[in-house]
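The primary structure of each chain is shown beneath.
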Amino acid sequence: MAHRYHLPMWSFLSSIALALQIAAPTTLYWDQSAPTVQAASAYVYTLYVNGLTNSTLTNVSCTGTASPYTCTGMSYLTLSQGSYNLTLTAHEVGDGTSGPSLPYTLLVPVSPYPSPDWAPKNVTITPAEQ
Amino acid sequence: MRQSVILLLLVLGTGAVASVQEAPPQICFTTMSGPFTVTSGAPFNISWIMSDSVLENNVSVPSRVNGFYIQVDGDEKDDIGMATALTQCPSTAIPYPSDYPYTYKTTKGVTRGSHMLKISAWNYTLDSNGDPTTTRQESVVANIPFSAGDPIQYGPPVSPTNVVIFK
Numbered sequence: 239m240a241h242r243y244h245l246p247m248w249s250f251l252s253s254i255a256l257a258l259q260i261a262a263p264t265t266l267y268w269d270q271s272a273p274t275v276q277a278a279s280a281y282v283y284t285l286y287v288n289g290l291t292n293s294t295l296t297n298v299s300c301t302g303t304a305s306p307y308t309c310t311g312m313s314y315l316t317l318s319q320g321s322y323n324l325t326l327t328a329h330e331v332g333d334g335t336s337g338p339s340l341p342y343t344l345l346v347p348v349s350p351y352p353s354p355d356w357a358p359k360n361v362t363i364t365p366a367e368q
Numbered sequence: 458m459r460q461s462v463i464l465l466l467l468v469l470g471t472g473a474v475a476s477v478q479e480a481p482p483q484i485c486f487t488t489m490s491g492p493f494t495v496t497s498g499a500p501f502n503i504s505w506i507m508s509d510s511v512l513e514n515n516v517s518v519p520s521r522v523n524g525f526y527i528q529v530d531g532d533e534k535d536d537i538g539m540a541t542a543l544t545q546c547p548s549t550a551i552p553y554p555s556d557y558p559y560t561y562k563t564t565k566g567v568t569r570g571s572h573m574l575k576i577s578a579w580n581y582t583l584d585s586n587g588d589p590t591t592t593r594q595e596s597v598v599a600n601i602p603f604s605a606g607d608p609i610q611y612g613p614p615v616s617p618t619n620v621v622i623f624k
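Keeping their order, the protein sequence lines are chains A and B. Residue 239 is where the first sequence starts when you use my numbering, and the numbers rise one by one after that. Residue 458 is where the second sequence starts when you use my numbering, and the numbers rise one by one after that.
These are computed hints drawn from the structure, not numbers from a lab. A quick note: this is a predicted structure, and the numbers were derived from the prediction, not measured. Among the hints, erroneous ones may be present.
In the DSBU-like style, the derived pairs of lysine-lysine whose C-alpha atoms are separated by at most 30 Å in a straight line are [to be verified]:
| id | chain 1 | residue 1 | chain 2 | residue 2 |
| --- | --- | --- | --- | --- |
| 1 | B | K565 | B | K534 |
| 2 | B | K565 | A | K359 |
| 3 | B | K562 | B | K575 |
| 4 | B | K534 | B | K562 |
| 5 | A | K359 | B | K562 |
| 6 | B | K534 | A | K359 |
| 7 | B | K565 | B | K575 |
| 8 | B | K624 | A | K359 |
| 9 | B | K534 | B | K575 |
Extracted from the complex, chain B is given alone in its bound form (with noise of 0.2 Å):
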């Protein structure tokens, strides 16, 4: 009996585990705009919208992405391979309906300073038969301005410690 019962609480709770759906993010509602700020010498992240579609001669065809590339100043461009898909934009969602969110850390931070983030998409071409083949072909690469800073103390100031007073 005691083991039907933990059975039954274990279906439970991966049921209620499996049912859990993040919420989209704040990029498929939003229109982000600059200037962006991060912490120097620390990795930061990007996030990024992708249509879900896209025309192809006039007919509207699913996009079809395999991985990304990411720039940051004269770096050696990066293929950071598809990053990590977040939940899809909601069919409601206004600018971005049905679109595909994304999000990258990076691996190491900038130094401070002003500095440029080159982001673009790639997929394999295909054949004529519309398979793919091995040449990748790359998007319109979008240029992103942003600065590096050190990280600012919005808070009070730290009491003095260690006060001494002299005769």
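Looking at chain A on its own, in the form it has when it is part of the complex (with noise of 0.2 Å):
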């Protein structure tokens, strides 16, 4: 059932710029191709970062009326500032796992926190009244 193992397709990109959190809860969206809407939401997923497996994604939910279905699921990653390439993986228990999508790069800049913006500023220490 080769059908089934077609590659995810990044389609909603813009949501991973959730991931410029620090270890933030990051939801990610893909297209699946697979036989039903169901067969889509029971796949496991895992993602990989640069290649190495980074984790399964939770709460996985496949939605449409015909494949590819628009699929989105959880992850909890943690990136510093760089450039990564994720690729994500479908298996289906008992009958094999896909090959991987292809690549999406992400780029983390600089997190909005920490920022020098927003450190204690102006320090004074005075002694105090006796």
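Since each chain comes alone in its own frame, lean on the hints to assemble the complex.
Have a look at this one:
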């Protein structure tokens, strides 16, 4: 059933901007080919960062009336500043694992926190009144 | 009649108290520079400013603070909560317009000599819905060197007492 393992495709990439937060739960969106929407939701999706296993997506949910279906899942990404290649695989228990999706390049700029603008400034130390 | 007068005085008095507005602290208007010196062994005051807004993805958003950490030398980092918020700097204050000043009195002093104060702010990270999580994130740490010395007598010497003249 090769059609079950079409590569997941990123579709709503802007949502990954949430990864700018430090250690933030991040919602990922992708398109998934599958015989039914229930089958797409039942696959186990694994996220890879720069080719290394990162996490299994949780709260996976797929919607749509025809394949490919639009799927969402959660991951708890902890990424520091830099460039990363994110890929995704789909696995069906007892039936194998797809190849990786095309990579999505995620650029993580300096996180808004911590920011020098946000740190205490003009700090003053004085003797306390007796 | 007497009760009415008393009641009126109470109302006026309450209004007068409520209208009192503390002046914004000097740190709103002046960039403080050291050296900072405190009295050894005695608690001391720390005052600082937090920006009222920060840039997030090039958008100015309100600053979000849930507490502060202080650390003196190698001591354990101390979560001091929100400390005491002072009157907000006025919008015309230079160089800290509309920023938020805070102050905190330490619970203990330090020994004579040189010391380093580290102070940072923290807040809770937000989840994908914008709701606070239980995970804290910390700001850049500000390092402030200071020293502690014994109290200095600035006045004239105390007069000799119990003077005796021998033959």
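Hints and how they fare:
Of the pairs offered as hints, the one joining B/K565 and B/K534 holds, with about 14 Å between alpha carbons and a cut-off of 30 Å not exceeded. Annotation: proposed proximity of B/K565 to A/K359 holds, straight-line Cα distance about 23 Å (limit 30 Å). Proposed proximity of B/K562 and B/K575 is supported: the alpha carbons are some 15 Å apart, at most 30 Å. Between the alpha carbons of B/K534 and B/K562 the distance comes to roughly 15 Å, so the proposed pair stays at or under 30 Å and holds.
About 17 Å separates the Cα atoms of A/K359 and B/K562, which keeps this hinted pair within 30 Å; it holds. Our distance criterion of 30 Å between C-alpha atoms is met by B/K534 and A/K359, whose separation comes to about 18 Å. Between the alpha carbons of B/K565 and B/K575 the distance comes to roughly 16 Å, so the proposed pair stays at or under 30 Å and holds. Note on B/K624 and A/K359: the hinted pairing is violated, with a Cα-Cα distance of about 67 Å set against a maximum of 30 Å.
Simply put, B/K534 and B/K575 have alpha-carbon atoms about 9 Å apart, close enough for the 30 Å limit, and the pair holds.
In summary, the one numbered hint that this structure violates is 8.
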